[in-house]
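Visitor: Residue strings, one per chain:
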Amino acid sequence: MIEGLVNEEAIVLPEKIRADLLARIEGGHLELPLLPNIVWEVMELTASDDVDARQLSELIHRDQALASHILRVANSPAYMPRMPIISLHQAVNRLGTSVLGEIAFAISLQTRVFDVEGYEHEIRALWNHAVGTGAYAKEVARLRRSNVESAFLCGLLHDIGKPVLLQTLVDLQRTAERTIEPAAMSALMEAYHTQVGSLIATQWALPPHVTESITYHHDYLVAPMCTEAVMITRLADCLSYHLAMPEIFDEESVRHHPILTDLNFYPDDIEVLFAKRGIVGSVIEGLS
Amino acid sequence: MHTVCYDIVVIGSGPAGQKAAIQGAKAGQRVLVIEQEPRVGGACVHRGTIPSKTLRHSALTLLNFKRHFGAIAPLTLRPDLELASLMSHLDHVVKAHERYMAEQLARNGITQWHGRARFLAPRMLEVLSPDGSCRRVTGEIIVIATGSRPRAPKEIPVDHEHILDSDSLLSILYLPASLTVLGAGVIASEYASIFASLGVQVTMIDRSVRPVSFLDPELADCFVRGFEANGGRFLAQQEVVDVTWDGAATVVTTLKSGGVIRSEKLLCALGRLPNFDGLNITAAEVALTERGFIAVDANCQTTIPHIYAVGDVIGPPSLASCAMEQGRRAIRHALGLAMGNPSEMIPVGIYTIPEMASVGLNEHEARQRYGEVVVGRAPFAELARGQIAGITDGLLKLVADTQGQHLLGIQIIGEGATELIHLGEIGLLAGCTIDAFVDHIFNFPTLAEAYRVAALDIAKRRPARAGVLSLPTETGDHGRHDRLTPSPR
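As you go down the protein sequences, you meet chains A and B in turn. According to the numbering used here, the stretch in the first sequence is residues 1356 to 1643, in order. According to the numbering used here, the stretch in the second sequence is residues 155 to 643, in order.
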């Protein structure tokens, strides 16, 4: 969510739910999602020097759901296959091991984390925003001559706390037999998502630039080590919101966001990024 | 819009701009420096010299450890080693350098503006800030020191992810298993040798016969031997017809000869272009060279008398040391001050592994100018310090006049070359004879002894005059030079 869109103070929350939520977060009792081992194995294999297509396709075949999702994504316009990709081996050869790793991770994230029954619309918006931020982060990093490879993961995961909080709040309202107003739910997600995201980053042992992007993207100047990666994620976050909700967060809002001057981007630099809408849109479509 | 006036306006705060500004301020002028980045220093500090030399320092330290202790403590780098971990002190180095330069500008009363400059007229500039606000300024003297950026030939699809240029190369997270380097100039050779020393399979490809073609060929050949001994490969006289990222894990480089090179990453280092995008250079009315650089005379004055251009924006040699001298020289000329040393005395330092350096004339240039010359050589393998430090792949060459009496130039390859060259530079400037290097005592053991060994080599090769072999007197160096022919100790 964009800061300022939700005023937490203006919303009356059932105090018990807020107290329960805080107790879970601060007491370490939040149920954090686990990604299947196969995802970590795929990521590890794709990062190694001597990975070959056969090994990788054999590994992904162990999870049929993941395998079929990968084939669907590999055939989407975002990856522009010259001819239909019909086997995993072919997908690895065509898309490359690192892209396959990214796709496998994104799909597992979508099926394991971005999945809250009864909130499909909200979850879809969160997912599209996450993918859009990842895709924009690569473009921002490219323009800034910063690392492009890691930018996607930083963007994809920056709001990982939100779907987890949504699931937690749904569970809490079920337990308390109370309904939380949508605005209240948004306010709580906005207020605590970086804290929860940080817990997930620790549990998943994510690399520092991803962890800091999750924890500090609203307060990038205090990021301890990876300030540039966090700033890139923050700008990508803004651009992704603009892409999804141009009527609320218009081009002028992006142009006047302080992140641009903090990144030393001049007015013509942001025009270059606005021109990447098509590329980012096709990535979102591919991973939806 | 209100227009501010300064005596001197310098566009760019890299080594050239900074020295121009300081020279102007020291001469009592009101100076403004315009820098598009939030901090001073230019590409030299943030993307070029300082970061690459920081990585080089780590690579060299690892290489030396392997040379000295590899047999008893084998050292192998993890395949997933983060590049940043090899430059862990880079932030500290950059910040210290930035702080020093900013303080120096402030101490000299130089005004700094953050923004992008654009000529409106030969004396007037508009400066755009990142927030979109504009200011105008006029300068009695204007110095263009906007540097250069990597040339990206349209047939090389640089994506800064798999196919990189020298601005994005150091952004990669992990050391690649293999790297193709297109080009064989200073930047290409430096990065190729650094990555090869870190265990990366490096293939350097160029149309030329040997790398760094403006250097003495003997040094370049010596560099290639060292590079290949470290696992690198130099493909000379090759034309690249296609570069593609195969969409999988490999960059495929196809040569006109039919050869195909596959690598994890590719560095495109095929020269640099002047950085005056957005400067509206046509409004400055200065002439450009055929290659698109700003045309200047020996004093860095452009075709518009009050506009000077210094550093990479005027083309080769594109070295920070030259750029600083150009900056200083331009302002001294503009203000009618004494000029100092001629530019040919500027030393060249190339931070390959091992380093290369040159000052004055090389053997080829000296022969062209003077006909026969006498050349003395000192292989580092013949120096005690070379053996102790494991620096046996070096060579120092002294070039002397026809009679072997007067020093014309020095070329060095070997670790420490960029420091050692200054001894020869001072010798050149002071007009030292070759005998001065024989008749004076050097510390033992040092690499500087190479000067004495090379000087003795020249003495041995001097043409005989009137039947008398012209040999200098050996002095009291405790018998360390008890011969005229250098040989392994």
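Some hints here could point you the wrong way.
Residues from chain A that face chain B, not an exhaustive set, calculated with beta carbons under 10 Å [to be verified]:
#1 Val1406
#2 Arg1409
#3 Glu1413
#4 Asn1448
Calculated directly from the structure, the hints in this document are not laboratory data. Don't be surprised by glycine CBs; every beta carbon is placed ideally from N, CA and C.
Visitor: Each hint should be assessed against the structure and marked as holding or not.
Guide: Verification of the supplied hints:
1. Val1406: holds (8 Å)
2. Arg1409: This interface hint is violated because 13 Å lies over the 10 Å limit.
3. Glu1413: violated (17 Å)
4. Asn1448: For A/Asn1448, the interface hint holds, since the closest Cβ of chain B sits about 6 Å away, which is under 10 Å.
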